[in-house]
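Student: Numbering (full-length UniProt numbering) for the sequence shown: 1 to 480.
No wet-lab data here; the hints were simulated from the structure. Just so you know, even glycine gets a beta-carbon here, dropped at the ideal spot from N, CA and C. Be aware that a few hints might be false.
[To be verified] In silico lysine to any residue, SDA-like type, Cα no more than 25 Å apart, as pairs:
#1 K463 to L443
#2 K452 to P440
#3 K449 to R464
#4 K198 to I235
#5 K355 to L439
#6 K472 to H441
#7 K392 to H348
#8 K392 to I297
#9 K301 to H257
[Claimed, not checked] Label-pair distances were calculated between CB atoms; the ranges are:
#10 A14 to S193: 20 to 28 Å
#11 F68 to G364: 44 to 52 Å
#12 E195 to I128: 30 to 38 Å
#13 I128 to R151: 23 to 31 Å
#14 Q219 to D47: 43 to 51 Å
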Amino acid sequence: MWKGANRILAALTAAGYEAFIIGGAVRDIVMKREPHDFDIVTSARPDTVVQVMERNGYKTTGLVGKSFGVVVVITPEGHYEVATYRREQYGKDSHRPTSVAYADSLEEDVKRRDFTVNGMAMNETGHIIDLVGGVHAISHKRLETIGDPHRRFQEDALRLFRACRFAARLDFSPSESLVNAMPSAFSRVEGLSLERVKAEIETLLLEPFAEKGLDLLVQSRLGNCACKVVRHGQIEMVHILPELYHLVNLPQEKRYHEFDGWHHTLAVVHATQPDLILRWAALLHDVGKGLPEVRGIRNGKITDWGHDEAGAVLAQQILLRFGYDKKFVSRVVWLVQNHMRFHYFVSHPEANAEKWMRKEANSGSFRYSRELQEACEQQSKVCVADIIGTGKSEQMVDDTVTFGKKLARIAKSIPIHTRDLQYDRELLTVMGDRVGELLPHVLHQVQSKQVKNTPEALMHAVKRKLMRDTIKQEEIENGE
1 MWKGANRILA ALTAAGYEAF IIGGAVRDIV MKREPHDFDI VTSARPDTVV
51 QVMERNGYKT TGLVGKSFGV VVVITPEGHY EVATYRREQY GKDSHRPTSV
101 AYADSLEEDV KRRDFTVNGM AMNETGHIID LVGGVHAISH KRLETIGDPH
151 RRFQEDALRL FRACRFAARL DFSPSESLVN AMPSAFSRVE GLSLERVKAE
201 IETLLLEPFA EKGLDLLVQS RLGNCACKVV RHGQIEMVHI LPELYHLVNL
251 PQEKRYHEFD GWHHTLAVVH ATQPDLILRW AALLHDVGKG LPEVRGIRNG
301 KITDWGHDEA GAVLAQQILL RFGYDKKFVS RVVWLVQNHM RFHYFVSHPE
351 ANAEKWMRKE ANSGSFRYSR ELQEACEQQS KVCVADIIGT GKSEQMVDDT
401 VTFGKKLARI AKSIPIHTRD LQYDRELLTV MGDRVGELLP HVLHQVQSKQ
451 VKNTPEALMH AVKRKLMRDT IKQEEIENGE
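Model the full assembly from the supplied sequences, consistent with the hints where possible.
Tutor: Here it is in structure tokens:
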């Protein structure tokens, strides 16, 4: 990708115009990371960019939004967005500028951007142009805005969430001035759509240091803000993640936990794989702790009995509020609801795990056995992270992994849908036009352990059923 970007820089520079790679790619290069998207800025106006590219044999797709003056250039290496220097004016809209005008210099263009780490430019020779202290910020692992943080956040309230996201991506600590400025723009969050906020939070959750971004989201109280969503033609205000705040500084029983409720949650998130279902489950697995109806003291020790059930209720409310589909919500809620049950079976190997799985198979929550198997595998990962997140002994990790594999095998062996039955074509021939009646019949027999899930056993069960039905019909016809 660098080669293609360099072709464009060289063509524009040779034509007498300034041209630079800008933003995230430069940041990644300075941080010795693999850059991905190469954004280019230039002093040339869009029409001129098109002409220069055509003279050099590169196709363009025209402007991608005339108000921003961005041209997409196609080189053998890929597609690149080339933007003309610009400056912006913001008004009532919480995210979009009210007006955009072409600027005359790189400095003007850079100063409208969000964070210093994203404000560095690079020319065709690889020289870094740092007008805002981005290199210094990277060396100190500090996230800072370009210019006055109050103004940057007031201009575009989505930058509040981007600050959390970049902290999560880069493992940077926000500057004191950035954190202190965030609340001044909270009222502007009401103008953001839930769709945009959700997209930012999802991206944050999948970052390598998601816990760092989540901590900024909560400690700054940004997560307690409300944004807008249109439902049934009406604009509604919905709060983002207020359910998390009671976890901050929430005491936990020291025998089991090194951290308070919030820092335990962050540790669990960090210990999970970057998968959206796992990260949401990790974030919400203990959200029921500390609630008045859950928190108790027994024999001088802190208890939160029932926090899994209470947390499942909150998890469902949160995820539905964010607009997730039924399947996604159901899975995360199941993981929250059952994480303590999973821990129980790990610590009580004599308990009947197969009985639990058969109950789940008949619950209607899963369509096929492979879905239940997948849920068990996910539950194992969440519970391993839960143990790691206690900050205590990790000796139970191996037992948890072992039990997770066992539970997944059990789940796989229990058919939930007739498609899970291990039958062959011969059985279909034997059943004839009674397939729709007989398959559910043998499915129930397999689920209740009356019949094994093998082709031979299923054939025997069907033939036995057909024989009984034939005898019964003959008795009816003979008047017996």
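Student: Now, for every hint given, state plainly whether the structure supports it.
Tutor: Now for the hints, and whether the structure bears them out:
1. K463 to L443: holds (14 Å)
2. K452 to P440: Holds. K452 to P440 sits at ~14 Å (cutoff 25 Å).
3. K449 to R464: Between K449 and R464 the Cα gap is close to 16 Å, so the pair holds against 25 Å.
4. K198 to I235: holds (17 Å)
5. K355 to L439: Roughly 23 Å separates the two Cα atoms, so the pair holds.
6. K472 to H441: Roughly 17 Å between the alpha carbons, so the hint for K472 and H441 holds.
7. K392 to H348: holds (20 Å)
8. K392 to I297: holds (21 Å)
9. K301 to H257: Given pair K301, H257 holds - Cα atoms ~12 Å apart, limit 25 Å.
10. A14 to S193: 20 to 28 Å: For S193 against A14, whose Cβ atoms are near 43 Å apart, the range 20 to 28 Å is violated.
11. F68 to G364: 44 to 52 Å: holds (50 Å)
12. E195 to I128: 30 to 38 Å: holds (36 Å)
13. I128 to R151: 23 to 31 Å: This hint holds: roughly 26 Å between Cβ atoms.
14. Q219 to D47: 43 to 51 Å: holds (48 Å)
The earlier numbered hint that this structure contradicts is number 10, and it is the only one.
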